[in-house]
Amino acid sequence: MNGCLEPIVGRYLTVDIAGRTQRIYFEEAGSGPPILCLHTAGADSRQWRHILNDEEVTSSNRVIAFDMPWHGKSLPPEGFETQEYLLTTEAYIATVLAVAEGLELERPILAGCSMGGRIALQLAAQYVDQFSGFIAIEASDFQPAWYDIDWFHRPDAHGGEMGAALVSANISPHAPDAERWNTLWMFMSSGPGVFRGDLSFYTTDDSLIDRLSAIDTARAPVHILVGAYDLTCTPEDARRTAAAIKGATLTVMDELGHFPMSEHPNAFRPYFIDALNRMACARDAA
Amino acid sequence: MKTKLAEMQARLHASAHLLRLGRLFSETVLLQVEEHEFYLTFEKGRLIGIEPGPSRKTPWRFGFITDQGALDEFWAPRPQPGFHDIFGLVKLGRGKIEGDILELVKNLRFFKEFMALGREATP
Numbered sequence: 001m002n003g004c005l006e007p008i009v010g011r012y013l014t015v016d017i018a019g020r021t022q023r024i025y026f027e028e029a030g031s032g033p034p035i036l037c038l039h040t041a042g043a044d045s046r047q048w049r050h051i052l053n054d055e056e057v058t059s060s061n062r063v064i065a066f067d068m069p070w071h072g073k074s075l076p077p078e079g080f081e082t083q084e085y086l087l088t089t090e091a092y093i094a095t096v097l098a099v100a101e102g103l104e105l106e107r108p109i110l111a112g113c114s115m116g117g118r119i120a121l122q123l124a125a126q127y128v129d130q131f132s133g134f135i136a137i138e139a140s141d142f143q144p145a146w147y148d149i150d151w152f153h154r155p156d157a158h159g160g161e162m163g164a165a166l167v168s169a170n171i172s173p174h175a176p177d178a179e180r181w182n183t184l185w186m187f188m189s190s191g192p193g194v195f196r197g198d199l200s201f202y203t204t205d206d207s208l209i210d211r212l213s214a215i216d217t218a219r220a221p222v223h224i225l226v227g228a229y230d231l232t233c234t235p236e237d238a239r240r241t242a243a244a245i246k247g248a249t250l251t252v253m254d255e256l257g258h259f260p261m262s263e264h265p266n267a268f269r270p271y272f273i274d275a276l277n278r279m280a281c282a283r284d285a286a
Numbered sequence: 001m002k003t004k005l006a007e008m009q010a011r012l013h014a015s016a017h018l019l020r021l022g023r024l025f026s027e028t029v030l031l032q033v034e035e036h037e038f039y040l041t042f043e044k045g046r047l048i049g050i051e052p053g054p055s056r057k058t059p060w061r062f063g064f065i066t067d068q069g070a071l072d073e074f075w076a077p078r079p080q081p082g083f084h085d086i087f088g089l090v091k092l093g094r095g096k097i098e099g100d101i102l103e104l105v106k107n108l109r110f111f112k113e114f115m116a117l118g119r120e121a122t123p
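Protein chains in written order, with our numbering: chain A, 1 to 286; chain B, 1 to 123.
No lab work stands behind these hints, which were simulated from the structure alone. Fair warning: there could be bad hints in the mix.
No more than 25 Å apart at the CA atoms, straight line, and that leaves these computed lysine to any residue pairs for SDA-like [as the list claims (entries may be wrong)]: (1) B:44 with A:269; (2) B:91 with A:181; (3) B:96 with A:173; (4) B:112 with A:150; (5) B:112 with A:157; (6) B:91 with A:191; (7) B:112 with A:178; (8) B:112 with A:145; (9) B:112 with A:206; (10) B:112 with A:176; (11) B:112 with A:228; (12) B:96 with A:146; (13) B:96 with A:142; (14) B:44 with A:188; (15) B:96 with A:161; (16) B:57 with A:142; (17) B:91 with A:173; (18) B:44 with A:203; (19) B:112 with A:161; (20) B:44 with A:146; (21) B:96 with A:203; (22) B:112 with A:181; (23) B:91 with A:201; (24) B:44 with A:201; (25) B:91 with A:6.
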């Protein structure tokens, strides 16, 4: 027989978020305690395709990854055609909480990358009791932009192609070519202004800095993963962030960049499994 | 350096993919390696001129300024963190972009892949 059917199943969840109806696309695989996965700016849940297909993870966990509104297969809300998309920390937090509630997830582990890692730390500071642990990947307190976010939404050039060319700086040269280009394809095909709208919050909202000391890792553990080739959230940025969270742990991933689960899945999976083991150990100890 | 650039020129002209990416790119780019300046003139993606400088008479659209040691690291088969991308060199303080950076960003994939033509094959 020709063909290989993956275990990943995709569905839609319609929820109200801050007074607007949002139809959210999500994929899931496996059974067990839930892990809710967040994608980076300018991309979508396909970044988690390898973890969703990883039997070692899904044999004992229910893994869920969703597309933020405006991303992937989650349409923008009604009236988007006259709206400037600008994500905020508050809207992002409300979206994660609404999805977790809508799917009736009981204290999931939250695993987020880049802006998803940033928001995971915001949730660790503000909603710790709703999660059982936080895996913050390529996550740090704050970095100002080293680029002009307005480059990525203009009528005379393709924002997606420019965004992909820029973020390719964050991919490790150890990444297999096929996965490098799969990763970049998501940026190339993101909606107009979406990457810019994600970056607007990521590069301007520094509210996490003052909240890091409030994170209580005794109530839910925090593990930070950072790739050595990440130019956006460097190992130095991640170390500074981990040092400001009492009890947080950190691992530097030598051969990985800013999109580790997507750009180099084989190199990433041991680090992710180690992070899950740390979450389980903390749960058992509690 | 001029020999290296000539090698990169030959690789560019042998790459149908890169010539397609650069089909709308017709600009002069300054590549400055320490005190050595090179004016790279592209015409519809083809590198039609490699002129050593300095020249105050040659207008250029954007420039990339770096040092030979950084370029050697950049061209290693598997560069160390930071040396793997031209923006990495900038972040390390080993590179600088001057001129019309938006024009560079509009043609970023083409220019990055052109610069990477100096890289030895990955083992």
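Quick rundown of the hints versus the structure:
| no. | hint | result |
| --- | --- | --- |
| 1 | B:44 with A:269 | violated (43 Å) |
| 2 | B:91 with A:181 | holds (23 Å) |
| 3 | B:96 with A:173 | holds (22 Å) |
| 4 | B:112 with A:150 | holds (21 Å) |
| 5 | B:112 with A:157 | holds (17 Å) |
| 6 | B:91 with A:191 | violated (28 Å) |
| 7 | B:112 with A:178 | holds (18 Å) |
| 8 | B:112 with A:145 | holds (20 Å) |
| 9 | B:112 with A:206 | violated (31 Å) |
| 10 | B:112 with A:176 | holds (18 Å) |
| 11 | B:112 with A:228 | holds (21 Å) |
| 12 | B:96 with A:146 | holds (13 Å) |
| 13 | B:96 with A:142 | holds (24 Å) |
| 14 | B:44 with A:188 | holds (23 Å) |
| 15 | B:96 with A:161 | holds (23 Å) |
| 16 | B:57 with A:142 | violated (44 Å) |
| 17 | B:91 with A:173 | holds (17 Å) |
| 18 | B:44 with A:203 | violated (35 Å) |
| 19 | B:112 with A:161 | holds (13 Å) |
| 20 | B:44 with A:146 | violated (29 Å) |
| 21 | B:96 with A:203 | holds (22 Å) |
| 22 | B:112 with A:181 | holds (15 Å) |
| 23 | B:91 with A:201 | holds (22 Å) |
| 24 | B:44 with A:201 | violated (38 Å) |
| 25 | B:91 with A:6 | violated (40 Å) |
Checked against the numbered hints listed earlier, the structure breaks hints 1, 6, 9, 16, 18, 20, 24 and 25; every other hint is satisfied.
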